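Number of protein chains: 4
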Amino acid sequence: MIKAGIIGGAGYTAGELLRILVHHPGVEVTYVHSSSQAGKAVSDLHKDLIGETDLVFAGEVRFETDVLFLCSGHGESKAFLEAHEVPGTVKIIDLSTDYREEDGTHDFVYGLPELQREKIARAGKVANPGCFATCIQLGLLPLAEKGLLKDEVHIHAITGSTGAGVKPTAFTHFSWRDSNISVYKAFNHQHLTEIGQSLRQLQPGFSHPLNFIPVRGDFTRGIFASLYTRFEGSLEEAFEGYESYYRDHPFTHVTRQNPELKQVVNTNKGLVSLEKHGDKLLIISIIDNLLKGASGQAVQNMNLMFGLEETTGLLLKGSAF
Amino acid sequence: MIKAGIIGGAGYTAGELLRILVHHPGVEVTYVHSSSQAGKAVSDLHKDLIGETDLVFAGEVRFETDVLFLCSGHGESKAFLEAHEVPGTVKIIDLSTDYREEDGTHDFVYGLPELQREKIARAGKVANPGCFATCIQLGLLPLAEKGLLKDEVHIHAITGSTGAGVKPTAFTHFSWRDSNISVYKAFNHQHLTEIGQSLRQLQPGFSHPLNFIPVRGDFTRGIFASLYTRFEGSLEEAFEGYESYYRDHPFTHVTRQNPELKQVVNTNKGLVSLEKHGDKLLIISIIDNLLKGASGQAVQNMNLMFGLEETTGLLLKGSAF
Amino acid sequence: MIKAGIIGGAGYTAGELLRILVHHPGVEVTYVHSSSQAGKAVSDLHKDLIGETDLVFAGEVRFETDVLFLCSGHGESKAFLEAHEVPGTVKIIDLSTDYREEDGTHDFVYGLPELQREKIARAGKVANPGCFATCIQLGLLPLAEKGLLKDEVHIHAITGSTGAGVKPTAFTHFSWRDSNISVYKAFNHQHLTEIGQSLRQLQPGFSHPLNFIPVRGDFTRGIFASLYTRFEGSLEEAFEGYESYYRDHPFTHVTRQNPELKQVVNTNKGLVSLEKHGDKLLIISIIDNLLKGASGQAVQNMNLMFGLEETTGLLLKGSAF
Amino acid sequence: MIKAGIIGGAGYTAGELLRILVHHPGVEVTYVHSSSQAGKAVSDLHKDLIGETDLVFAGEVRFETDVLFLCSGHGESKAFLEAHEVPGTVKIIDLSTDYREEDGTHDFVYGLPELQREKIARAGKVANPGCFATCIQLGLLPLAEKGLLKDEVHIHAITGSTGAGVKPTAFTHFSWRDSNISVYKAFNHQHLTEIGQSLRQLQPGFSHPLNFIPVRGDFTRGIFASLYTRFEGSLEEAFEGYESYYRDHPFTHVTRQNPELKQVVNTNKGLVSLEKHGDKLLIISIIDNLLKGASGQAVQNMNLMFGLEETTGLLLKGSAF
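Taken in sequence, the protein lines are chains P, V, A and R.
The numbers in the first sequence follow the numbering used here, run straight up by one, and end at 852.
The numbers in the second sequence follow the numbering used here, run straight up by one, and end at 852.
The numbers in the third sequence follow the numbering used here, run straight up by one, and end at 852.
The numbers in the fourth sequence follow the numbering used here, run straight up by one, and end at 852.
Some hints could be false.
Where chains are identical, the list cannot tell them apart; a pair therefore holds if satisfied intra-copy or between any two copies.
Said to hold, decoys possible - Here are the simulated lysine-lysine pairs, DSSO-like style, with alpha carbons at most 27 Å apart:
| id | residue 1 | residue 2 |
| --- | --- | --- |
| 1 | Lys677 | Lys807 |
| 2 | Lys716 | Lys681 |
| 3 | Lys716 | Lys571 |
| 4 | Lys698 | Lys534 |
| 5 | Lys811 | Lys656 |
| 6 | Lys571 | Lys807 |
| 7 | Lys807 | Lys681 |
| 8 | Lys609 | Lys677 |
| 9 | Lys609 | Lys650 |
| 10 | Lys609 | Lys656 |
| 11 | Lys656 | Lys571 |
| 12 | Lys609 | Lys811 |
| 13 | Lys650 | Lys571 |
| 14 | Lys681 | Lys571 |
| 15 | Lys811 | Lys716 |
| 16 | Lys609 | Lys716 |
| 17 | Lys811 | Lys681 |
| 18 | Lys698 | Lys571 |
| 19 | Lys534 | Lys656 |
| 20 | Lys571 | Lys534 |
| 21 | Lys609 | Lys681 |
| 22 | Lys650 | Lys811 |
| 23 | Lys656 | Lys807 |
To be clear, the hints were calculated from the coordinates, so they are not data collected in a lab.
Predicted model only: the values in this text are computed from it and were never measured.
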């Protein structure tokens with residue numbers, strides 16, 4: 532059994548990680564750290580876990596684990612690792628943005644299995660991708676791999692409210708968000724950095740604009756991204772490229788039907804569809820932001836890092852409705 | 532033109548009051564006070580008012596008005612009136628709970644027109660009823676008037692999130708509240724006091740329990756109350772009593788069809804239906820919590836206090852969907 | 532009083548028209564035709580109208596009115612006018628797509644006041660614009676008027692479920708649509724025809740692609756469109772152009788804040804915002820699809836055609852929440 | 532491996548059953564019958580199953596299975612079993628109402644494990660309980676077992692839209708149901724029959740009224756029931772009774788915190804809480820209507836009937852949000 536510890540256990544990604552790990556056949560969660568919740572039963576905070584775990588939030592950090600998931604806020608992972616000496620035997624999976632950029636200052640591997648599964652499998656430290664970043668990359672990697680990103684890319688992605696975290700704000704107030712739609716950080720979202728990095732890894736020299744409009748949706752889970760760009764091949768060639776790219780990836784599927792967000796909600800799947808209109812290829816890419824976009828992918832990475840079957844503990848029943 | 536001022540202008544009830552008053556043909560809003568928002572354009576906070584008002588939040592209290600609406604939180608109206616000497620020429624309508632109980636310590640009239648329209652018309656100070664209290668009383672007044680409340684009353688009422696106010700909390704977080712249901716203050720809701728007071732006013736000596744279960748709903752506007760009690764008459768007798776009681780009240784309607792919440796959302800209406808099952812009379816009563824349950828009723832009271840037609844400015848287009 | 536008749540009274544647009552007209556100070560609805568609902572009280576179908584109208588659906592067509600609103604489905608207006616001889620004294624406002632294209636086969640005027648108010652004021656027959664078409668045109672007209680549409684336009688617009696009409700289908704099933712997102716008719720929506728027609732009217736020769744992705748949203752009312760295109764001027768120049776264009780139009784407002792859909796829901800407003808990112812101008816345009824996108828605009832057109840103040844009966848309280 | 536077949540594969544309960552069974556370690560689904568969908572891939576209809584099954588709907592009924600799940604509409608199970616000779620070796624689990632009443636005309640066992648697990652374990656045919664019936668019984672069984680139901684019971688239960696099935700109707704239209712609430716079949720719901728039967732089984736002679744108000748909620752999954760009745764013991768005695776009753780039942784939990792619907796959504800759990808107010812015991816009972824209220828409980832029954840661990844394949848990750 533892999534012994535797992537969680538730092539920053541009070542947030543949404545930690546809760547979602549626990550929902551997966553309590554039933555994962557190869558993992559035992561040995562402790563969940565939270566300075567704000569120390570001493571409280573985990574299922575008193577993540578209330579749906581009632582009956583599934585007796586864990587109590589630990590107020591002190593411990594390192595007698597095989598893997599450590601860092602679920603604190605952005606910026607806090609770096610602070611944590613600077614403040615603590617984590618033994619080299621402990622593998623680390625960081626869910627924050629802190630180590631996603633491969634800028635030479637650290638040795639974290641970018642943890643998108645559909646980009647570099649083998650590298651992840653050999654890694655001791657993995658930077659788990661962002662939710663928008665995962666969704667958008669799943670829509671573009673097969674084009675980049677063949678060097679077919681030849682013009683700017685137009686991206687529009689609607690996200691659920693859980694992407695905004697557990698802290699109540701004006702933008703997550705039910706009275707405000709219900710039946711509402713708004714845009715934020717248009718053309719400037721921070722995930723563009725990691726997306727560009729991956730695309731250039733597959734298609735060196737790629738430098739076209741990624742015009743990205745993130746949208747706040749009035750639902751809790753999921754990201755629905757529509758992307759299009761100039762593409763000179765046929766639709767069938769596009770399908771062949773995408774199907775070939777994802778053939779050996781168990782979670783990402785290519786569909787020839789019109790997709791809908793709830794096909795993937797509460798699963799670790801990615802789903803990609805293609806349409807050709809004039810010289811444009813329309814790609815729709817959908818994920819669950821908390822699973823394939825966060826904690827599910829973190830467990831997928833853990834499975835790879837420990838030599839388990841990639842899907843272990845991740846064949847989740849979707850909610851469908 | 533009636534000059535109106537608003538104290539506590541940043542909350543939901545003040546915003547809703549403004550939505551009504553900016554188009555009310557007999558009213559001019561001369562100022563909106565908010566210590567937290569002083570200097571800000573009213574339409575920068577209540578954003579849907581863009582294009583409808585140039586008002587700016589005032590940081591200082593003024594009394595050169597004909598009517599003052601108190602929209603601050605519960606407890607704050609009393610504090611405000613103790614701290615300020617409001618001229619006797621200024622009529623006051625208080626939307627808080629502070630003066631709803633007629634306990635002999637103040638001279639506010641309880642402002643439910645369906646209970647005591649004439650008394651309100653002569654009043655200088657009105658305590659606007661609570662939202663649950665309005666909805667439940669509309670369902671019970673015709674029985675109480677005839678002395679027909681002869682047993683305990685079972686009440687279940689589901690409320691929209693705007694009832695919980697503008698401040699973001701765990702219970703108004705979209706990720707929590709969306710598609711969720713929960714009960715709070717079962718059997719102990721503070722509105723039971725004013726409900727009991729009105730029922731005893733019509734049916735002296737009424738002392739049966741009001742078993743009231745308030746429920747948090749996953750919608751923004753409206754209260755849907757189902758009530759039942761033992762009733763020995765026929766359904767037709769019940770209809771006659773209710774229809775007779777509400778005949779001259781322009782906003783409250785009795786329906787012989789199965790009602791649904793959205794029939795009244797974004798209107799000042801109350802809607803009441805009746806069914807008879809065995810010896811029980813089932814009464815469904817619905818309102819919009821921000822309108823008939825708060826700011827709409829406040830304007831209805833103002834109309835009465837100033838001798839205007841009761842419906843002036845309140846024939847609102849429902850949202851229906 | 533203008534006497535108004537409605538053909539096709541059972542659908543959403545007819546219901547919304549009635550919600551407006553029953554309180555319109557210059558209009559009397561003299562009959563509502565519906566073959567499927569003949570004999571039924573209007574408020575038994577459009578249930579929120581309880582207490583507001585005693586109208587009964589008529590099974591026979593009558594023409595003793597000043598204006599006739601055609602609210603039947605697409606294709607049915609043409610069939611109706613071919614089957615019936617409407618007297619020349621009756622003005623006609625058609626809410627279907629049938630006469631929006633100015634193809635020389637009819638004498639309907641395209642009824643977008645922000646495009647051609649004076650022409651509408653003189654018209655006897657008006658083709659009311661589509662909902663997406665209205666929203667998108669409000670976002671682009673000021674650019675087209677100055678000849679500044681110099682490249683393809685990228686359009687993404689999310690619509691509420693009422694856009695899909697009253698007939699229950701798989702795509703309007705609550706269990707399916709709640710918390711779901713999907714795309715339909717990408718790059719091929721039928722409203723592109725009327726949009727292109729208007730843009731070419733202001734900017735002759737405009738022929739760049741309008742890349743339009745319509746999205747089904749999980750809310751009932753409203754359209755939220757984000758549009759961008761290459762724009763060489765400054766943001767301030769853009770604001771000046773838009774503000775100047777809409778200065779005399781009472782319903783369409785330009786905002787310098789980040790807009791949100793619920794600012795316009797249940798009103799006849801259009802709201803447009805601008806941002807500049809690199810060489811792109813981002814335009815967000817929002818309306819209520821049933822009001823400015825359908826029945827509200829129909830009444831606005833009627834007001835113009837009969838010489839009433841444009842806003843008569845249309846200063847609606849927004850739902851805000 | 533248990534070979535399982537499904538009759539009536541196009542509906543919601545069949546879809547949910549498939550979502551569970553495709554990952555159940557002890558089951559192989561050998562065929563899914565649907566006359567309307569014959570020849571179509573199962574994942575083309577239950578679209579979230581993409582990548583999880585290659586099953587194709589069968590147009591012909593086959594009986595080479597160990598267990599047959601009947602998922603057709605109410606009334607159709609009886610018709611099916613009258614029309615087909617199912618071999619005695621095939622165990623049957625019926626999800627309709629057809630065999631829930633133990634009226635001496637059939638040999639189905641009522642399949643509520645919390646009522647009679649051992650009897651189910653020995654059964655060849657099981658009638659799976661109704662969703663409301665399951666939720667309400669979980670709230671009352673511990674009282675009935677001790678003979679403590681001494682007065683009428685007041686029941687209010689809000690259900691998600693999936694309870695109304697896949698067929699689109701006026702009451703499942705998104706534009707109607709979103710943010711709406713309504714009551715149906717008050718005091719007369721058909722599930723009262725099976726509830727009464729179980730209560731009398733534990734508390735012979737029980738004959739007090741069950742005043743049940745079913746409510747249509749504006750969410751897709753779950754039932755939230757609040758129940759109260761006169762109870763003379765202390766709250767602590769009540770907790771002891773409930774905790775003792777459910778001690779050995781792995782899915783039903785008693786909580787001392789205020790429960791919320793989403794604690795159980797997308798799980799097979801039941802969750803029960805207790806409060807004492809005056810002489811009333813308030814019981815809140817919640818389940819997922821499609822899981823513990825239908826397909827999850829069907830699999831739980833199957834596990835019992837085949838001697839598997841009761842929780843096999845049913846430790847589902849909740850959706851939580």
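Comparing the hints with the structure gives:
no.	hint	verdict
1	Lys677 with Lys807	within (18 Å within a copy, 33 Å between copies)
2	Lys716 with Lys681	both (25 Å within a copy, 25 Å between copies)
3	Lys716 with Lys571	between (36 Å within a copy, 24 Å between copies)
4	Lys698 with Lys534	neither (29 Å within a copy, 41 Å between copies)
5	Lys811 with Lys656	neither (39 Å within a copy, 39 Å between copies)
6	Lys571 with Lys807	between (54 Å within a copy, 25 Å between copies)
7	Lys807 with Lys681	both (16 Å within a copy, 24 Å between copies)
8	Lys609 with Lys677	neither (35 Å within a copy, 51 Å between copies)
9	Lys609 with Lys650	within (22 Å within a copy, 58 Å between copies)
10	Lys609 with Lys656	within (13 Å within a copy, 59 Å between copies)
11	Lys656 with Lys571	neither (29 Å within a copy, 45 Å between copies)
12	Lys609 with Lys811	neither (41 Å within a copy, 35 Å between copies)
13	Lys650 with Lys571	neither (38 Å within a copy, 40 Å between copies)
14	Lys681 with Lys571	neither (54 Å within a copy, 38 Å between copies)
15	Lys811 with Lys716	both (25 Å within a copy, 14 Å between copies)
16	Lys609 with Lys716	within (24 Å within a copy, 44 Å between copies)
17	Lys811 with Lys681	both (11 Å within a copy, 19 Å between copies)
18	Lys698 with Lys571	both (18 Å within a copy, 26 Å between copies)
19	Lys534 with Lys656	within (16 Å within a copy, 43 Å between copies)
20	Lys571 with Lys534	within (21 Å within a copy, 44 Å between copies)
21	Lys609 with Lys681	neither (36 Å within a copy, 46 Å between copies)
22	Lys650 with Lys811	neither (33 Å within a copy, 38 Å between copies)
23	Lys656 with Lys807	neither (40 Å within a copy, 39 Å between copies)
In terms of the numbered hints stated before, the structure departs from hints 4, 5, 8, 11, 12, 13, 14, 21, 22 and 23, listed from lowest to highest.
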